[in-house]
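A.B. asks: The listed protein sequences derive, respectively, from chains A, B, C and D. All residue numbers for the first sequence refer to the numbering used here, where the first residue is 1 and numbers rise by one. All residue numbers for the second sequence refer to the numbering used here, where the first residue is 1 and numbers rise by one. All residue numbers for the third sequence refer to the numbering used here, where the first residue is 1 and numbers rise by one. All residue numbers for the fourth sequence refer to the numbering used here, where the first residue is 1 and numbers rise by one.
If you are wondering where the hints come from, they were derived from the structure by calculation, not from laboratory data. Keep in mind that the hints are not guaranteed to be accurate.
[As the list claims (entries may be wrong)] As a list, the in silico DSBU-like pairs of lysine-lysine whose alpha-carbon atoms are at most 30 Å apart: (1) K147/D / K147/B; (2) K303/C / K147/A; (3) K303/D / K147/C; (4) K147/B / K303/D; (5) K303/B / K303/D; (6) K147/A / K147/B; (7) K147/A / K147/C; (8) K147/C / K147/B; (9) K303/A / K147/C; (10) K147/D / K147/A.
[Unchecked claim] Here are a few chain A residues that face chain B, going by a calculated C-beta distance under 8 Å: (11) P110; (12) E119; (13) S265.
Source: prediction; values computed, not measured. Virtual Cβ for every residue (Gly too), placed ideally from N, Cα, C.
Protein chains: 4
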Amino acid sequence: MTLPAPLTGVIPPVCTPLTPEGEVDTVSLARLVDHLAGAGVDGLFVLGSTSEAAFLTDRQRTAVVDTVVGQLDGALPVLAGAIDMTTPRVVEHARAALAAGADAVVATAPFYTRVQPQEVARHFRVLAERAQAPVYAYDLPSAVGTKLGADLVLALAAEGVLAGLKDSSPELAGLREVLAGVREGATAPGFAVLTGSELVVDAALLLGAHGVVPGLGNVDPHGYVRLVAACARGDWARARTEQDRLARLFALVDAGDPARMGRGSSAIGGFKTALYLRGWIDHPTTAEPQIPLNEAETERVAKHLAGAGLL
Amino acid sequence: MTLPAPLTGVIPPVCTPLTPEGEVDTVSLARLVDHLAGAGVDGLFVLGSTSEAAFLTDRQRTAVVDTVVGQLDGALPVLAGAIDMTTPRVVEHARAALAAGADAVVATAPFYTRVQPQEVARHFRVLAERAQAPVYAYDLPSAVGTKLGADLVLALAAEGVLAGLKDSSPELAGLREVLAGVREGATAPGFAVLTGSELVVDAALLLGAHGVVPGLGNVDPHGYVRLVAACARGDWARARTEQDRLARLFALVDAGDPARMGRGSSAIGGFKTALYLRGWIDHPTTAEPQIPLNEAETERVAKHLAGAGLL
Amino acid sequence: MTLPAPLTGVIPPVCTPLTPEGEVDTVSLARLVDHLAGAGVDGLFVLGSTSEAAFLTDRQRTAVVDTVVGQLDGALPVLAGAIDMTTPRVVEHARAALAAGADAVVATAPFYTRVQPQEVARHFRVLAERAQAPVYAYDLPSAVGTKLGADLVLALAAEGVLAGLKDSSPELAGLREVLAGVREGATAPGFAVLTGSELVVDAALLLGAHGVVPGLGNVDPHGYVRLVAACARGDWARARTEQDRLARLFALVDAGDPARMGRGSSAIGGFKTALYLRGWIDHPTTAEPQIPLNEAETERVAKHLAGAGLL
Amino acid sequence: MTLPAPLTGVIPPVCTPLTPEGEVDTVSLARLVDHLAGAGVDGLFVLGSTSEAAFLTDRQRTAVVDTVVGQLDGALPVLAGAIDMTTPRVVEHARAALAAGADAVVATAPFYTRVQPQEVARHFRVLAERAQAPVYAYDLPSAVGTKLGADLVLALAAEGVLAGLKDSSPELAGLREVLAGVREGATAPGFAVLTGSELVVDAALLLGAHGVVPGLGNVDPHGYVRLVAACARGDWARARTEQDRLARLFALVDAGDPARMGRGSSAIGGFKTALYLRGWIDHPTTAEPQIPLNEAETERVAKHLAGAGLL
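Pulled out of the complex, with its shape left as it was, chain A reads as follows (with noise of 0.2 Å):
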């Protein structure tokens, strides 16, 4: 299909329901779609980190786009990431992506290997070149240790590199910097800026974002659809009090011992372990070498789904 510019609303980041022998659980995966889609959200991010890109081989990625361009039928628009370390590579998994269907491509800066801003944009322009479909910027210093910066979005939006921005850094000042250059006309017309925060999507669409890519819209799509309607009516004390209620249900992340895991293995198996006591996947599994949730981590994530009225 046509993606829409700017690309707009709710985009969940979709998880990769996996077997319990570590393959792409392609049934769940396409009943998490149909749940997804069912709940009104604006378009699909495959192979991002929520959904584990890192972690899938290259057949699975594949699987994956197969699976979910499959279900959906041109139902809505489909983002891949292209997740990997530098530009050879990176075009690799996009026109694999694209071949299997997707219709934009979401790519980081690369990473393992340190590189400035020149190296940056000439990763993007390549890319682009190379990919000959939309490309969106993936900002996420945690994992890629380069923040993005606005000068550099912006230029490579003005030249028609970049079709958008996904935004999963921690900071809002950097995101209002590209959004007042896209309001002065600085990019090309339909330049879309996604916000990757679960927890301060108010403020972001405040200053203008124009849509959210959130992890836990995994679980509770219906919340972040509420709460993006009511910004985008100027309700922002309804706003307010459902992203609260969403902030809460986030503590579901932290379910897993930090003595017993990273904040990866707990906040993947967090999302999934919801999805799997929602019955909307068949089993919580994580990819290696990730660990999974014990039983007693399990009822905290029960518990932050009751009290959000999820189960």
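Fit chains B, C and D to the supplied structure of chain A, relying on the hints for placement.
C.D. replies: The following block gives chains B, C and D in isolation, referenced to the frame of chain A:
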């Protein structure tokens, strides 16, 4: 061939020559292998950071192992990096490298995703079980964002999960702790500790390290062979003189103008330009999105080579 | 005077004018205080980071509090930073500031030494007990190296140890968590949450923050007073326009050439040069070892002021 | 006394014994000085990080210098830390320490504020000019957040601004670069390079370092005197055995439970508890807000001392 246990001596991380189009230049690679073997090194490490493994596609990675293994024809052991973000992807690279004839694999802790020691341990355990070959842990905090603790390394070495450690962290205190553990019998027999440092090889060998994996060893393998030999016979004064000479030569990694490029572009570009100027490879091309050295920067490299008597 | 609880509105972190010899220019400081008070701000914060507290000797710090308290004569509340590495030293600064007439003290977590939450909590508890005055926690991870967690802040607020929080961390998610806690009654009554951001004041106030401590408020206090008033009456469109204007003006912090100086020299130099150009202080001098702005850089500041209609 | 140039040998960073009330225990301090001097050390460094300088008030800092200088009565040179955030404050501490009889001052780059090399250079130049005494640069990136580059150190040494370097950074490559510069005559004569490492003293001396400033030297000064002597006569095997023994003893810095306290509390608490158990100081008290070791943790220290034959 069977890997010596422990592996000792000089094991250069082999640069990957590229054609101007960005493909692996197998002719130059074979010639570089001959030069290194002819200088008397003790093994080769392919697909590491200095090899631009992060920039090579899967197809290119396999071409590298094929070429090097074929050229050596069993004359020297070959270690191959399996550089990727997480266990499932690293396992695939390891299998490919072993199928192409590598004698051992070298893997970092997971990156992009944030992990704790429990998950790092699980990563190496799963990898060793699935690879069914010697696994070296690659400690490279500047790229990976995680330091491998001496406790963790020694525990995995005692279990037989790890065959060795390539320590490219900047500090020697952790290296000493691992080496003290080796001396006290905490590891399985044959465990090898290699330092990735170009600049303090004498100090690392004094502490008991078994060998060295110097990026600069591509450019001056004879220098590192002499340096390690001097250390081996306890001639520390001679070792210091040689190490000081190599440290001066190492300044070629700063040939690139920091206003034009990052340190990675400058360092890899410096190595490859030096190899090109020595006539060992046909093109100084580096992989995208790295910035190539310009004429003035190339002259700086030439000056360093001349200063070291290598031109 | 008695501190309002909670403290609300605009509380600029007052620059400390210096003579060319590096002494506190008390005449300029008094004039600056008049300008700020005349613009309708709600309080003053002296001896914070923007005040170059880190550069002032103990004698100079006392001169600052003396001057500001004397000039205000009770017209506005005065918060004073007690910036030092650890509890015993912070307690001494707090006592000196309170003796000179400050109404409350503002302190960071310990720095230079590495501490964990238990030690940070002990630090604030001992400080509050010894200071016998309202204590604000100052969250400034870029200087301190530690982020104050929302849990810790809320626990200390519930105990009555903290009277408020000045949040100068770059992320809003933690601020929301504290504010949600305040709304849910987790803190003692009157607990004030102030944001140190110059650039996302509208977003912070939308989330419920009580006030703002903007360094740029030295240069354009009227702008921040208008911005906060627009937020208070729910006129978010007007707020965004004002905030966008202030964000453009904020670019004066980058007037200094990064090849000549660090960001601190440039930012403090930018503020003081702007105050000098407006005629509010007699010298743009910054404390050693900061690098002064040169003529070209001063012109850049002038251009920003002119663009904002302030010259 | 006149400072030897270069200063060589073992120069322990002297712990500051405290009474249970947190005041300087001058009786214990004098006794500790006697033990260290009696063990044959070559100088003392007071008011460094191991001395808890960051926790001592100005009055207490002066008491420390007074006590140590008085007790030594010229028998050994005394270096004094002037630890504070910026030039004006460091100058004041330097003057106070020199007035109390210190022979040289030791200062870090500015911290809390962010600086670049230009500002660091200006900092040391102003300090040297105002202090009118030998200035040692203290490279401690873990506390300061800035690494002193070898280029900068050598340039300031050549100018005569710096009399020496105390390198407490974790990496040896930079240390080698400074020492190579010293060997090539890049510094003023008499420039001293001291390593702050407890764990790789043999390696640092192999590279040419003049001396060592080991925190653990408070607890086992005889061990470090033996270690340095072995290195001096080129007996590297003996040196390694002694260094390995000291490295095992160094584990006492981890006696504190990381669930209860940070690494600083544990390390300083470990040293002081060891000194208390040896009968060298009267109380193991550490400064606030550090967490004291409990009984079980104290026993762990005792076990390490016993294992090293020191109890």
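A.B. asks: Each of the hints needs a verdict: does it hold here or not?
C.D. replies: Hints versus structure:
no. : hint            : in the structure
1   : K147/D / K147/B : 19 Å, holds
2   : K303/C / K147/A : 28 Å, holds
3   : K303/D / K147/C : 36 Å, violated
4   : K147/B / K303/D : 28 Å, holds
5   : K303/B / K303/D : 57 Å, violated
6   : K147/A / K147/B : 22 Å, holds
7   : K147/A / K147/C : 19 Å, holds
8   : K147/C / K147/B : 22 Å, holds
9   : K303/A / K147/C : 28 Å, holds
10  : K147/D / K147/A : 22 Å, holds
11  : P110            : 7 Å, holds
12  : E119            : 5 Å, holds
13  : S265            : 6 Å, holds
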